[in-house]
Amino acid sequence: MLSSSSRLLLGRWRYRLLSPPSLTRPSYLCPNKLSWRAFRTSNFEQENPATSNTPKYEYIEGCERLERYCPGGYHLVKIGDQLCDGRYSMVQFLGHGGSSTVWLASDKVQQKLVAVKIKTPDSTDQEEVIMAEVRDMPSIRRLQDVFVEQGPNGTHRCLVMETGLCSLRVSKVMSAHELLYLSTARAIIADLVLIVQSLHDRRIVHGDIHGGNILLRLPEDIKRITDATTLYQRFGEPITKPVVRVDRQPLDVGVPTDVHWPIRLSVRSDKIKDSHLPSMLSDFTSSYYPSRTRQIISRTLPHIVPPEAFFIDEYNVEERLSFPSEIWTLACTVFDILGGGGLFSVMGGGILQDQASALGKFPEPWWSQWEERAEFFTEDGESIEFPNSKDSLEDRYDWFVTAARRRYKMEYPVEEEKRAFLQMIGPMLRYLPGERASIRDVVNSEWMQKWALPCLHRSS
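Note that our numbering has the sequence shown beginning at 1, numbered continuously upward.
It is possible that part of the hints are untrue.
As the list claims (entries may be wrong) - Straight line, CA to CA, 25 Å or less: simulated DMTMM-like cross-link-like pairs of lysine to aspartate or glutamate:
| no. | residue 1 | residue 2 |
| --- | --- | --- |
| 1 | Lys108 | Asp81 |
| 2 | Lys56 | Glu67 |
| 3 | Lys273 | Glu411 |
As the list claims (entries may be wrong) - Simulated DEER-style distance windows between Cβ atoms:
| no. | residue 1 | residue 2 | range |
| --- | --- | --- | --- |
| 4 | Pro121 | Thr402 | 49 to 55 Å |
| 5 | Pro138 | Tyr181 | 20 to 26 Å |
| 6 | Val146 | Val173 | 31 to 37 Å |
Please keep in mind that the hints were generated in silico from the structure rather than gathered at the bench.
Source: prediction; values computed, not measured.
All C-beta atoms, glycine included, are put in the ideal place defined by N, C-alpha and C.
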């Protein structure tokens, strides 16, 4: 029989699948019909090959989906363009989502770099409404300006925001071990928990909390580089690729002749300094007010989707995602920040199988509704493949936190801190939403008070 650590390592890499399940992907990534309706990412409709037409343009790796340059889709813009009556000059491409492109721009009024998110005409204004409400909160990517641009693909609302260095996820991937120094991890977690507390106090659910939406700060000296030539000398010239139709016909109106690869503004996780902190929570595309919206589909990454999302009865108006669902996602994200891997995986038998392996049998009626349970477990909830074996939350902590840090000779939490950390996230991961810890419980936990918050205060 494989050891616990070997089983956890086998077939597990927690962050490589960053898109929703597809009908064209192997069945083990979408193990049952519950999975298909349980979650979507914010770019599901555009990125899912099951709902897309045959590609119209030659594929360019790392760039936005070119078919989205159409009426109702992406705005036609390029480096050098000036928006908002010349105030914002586009100097680099930062990235894209299903309903927006994001550009690094020079603000002629403030004399600093900003991020301009150009939304598609078919997107909603919910993100803008929520960002306006939380703009006074610390550690939130602030909304600084809003303007409108007309283009061949429609009317586009543009959100001007503080620009960050890179996401925490990118920072971790850039290092060999994907770990943060212990004090840095504690400080980032403490800050994130306080942000979520502020959001929940305002009755807002962020809806998509993970390392990819936690941004490190761009140091002030870089933020003040508004001259494009100076910026290119430091970070490299823009890399462009020509857009070519598969049938070699001329490009449609509203389609760019070239696209840009995103600029690499980044820092390795073991090189994060106080100037990169406090981090910023970004991307409110999936945010909602539970009192106003009945949310039944989780719009976050597959491996951090809470279990109730798979079992919601869409005809029962009392069942919905809400604040407890975010507590589950927060627990998964906190675990990843502290360690070198995610808590759950969609590989192997899928996310439900992995959750049940670590936390035990689902309560009824979930257990009976999960049709594929017999492939992995007995009716008592014991693993068929690994009978009489251990695979608990503590086992995963020992492997992804303690062992990972010891392997790279990095400081790891002592037993007392480990106990307090597990006592904090254990209640955050209770199956039934009504039994889960509240954000106030998390803030008041021993681990937050004794280990995390002091590190945050020292880094401030």
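- request: Mind listing which of the numbered hints don't hold for this structure, in increasing order?
  value: Per hint list: zero violations.
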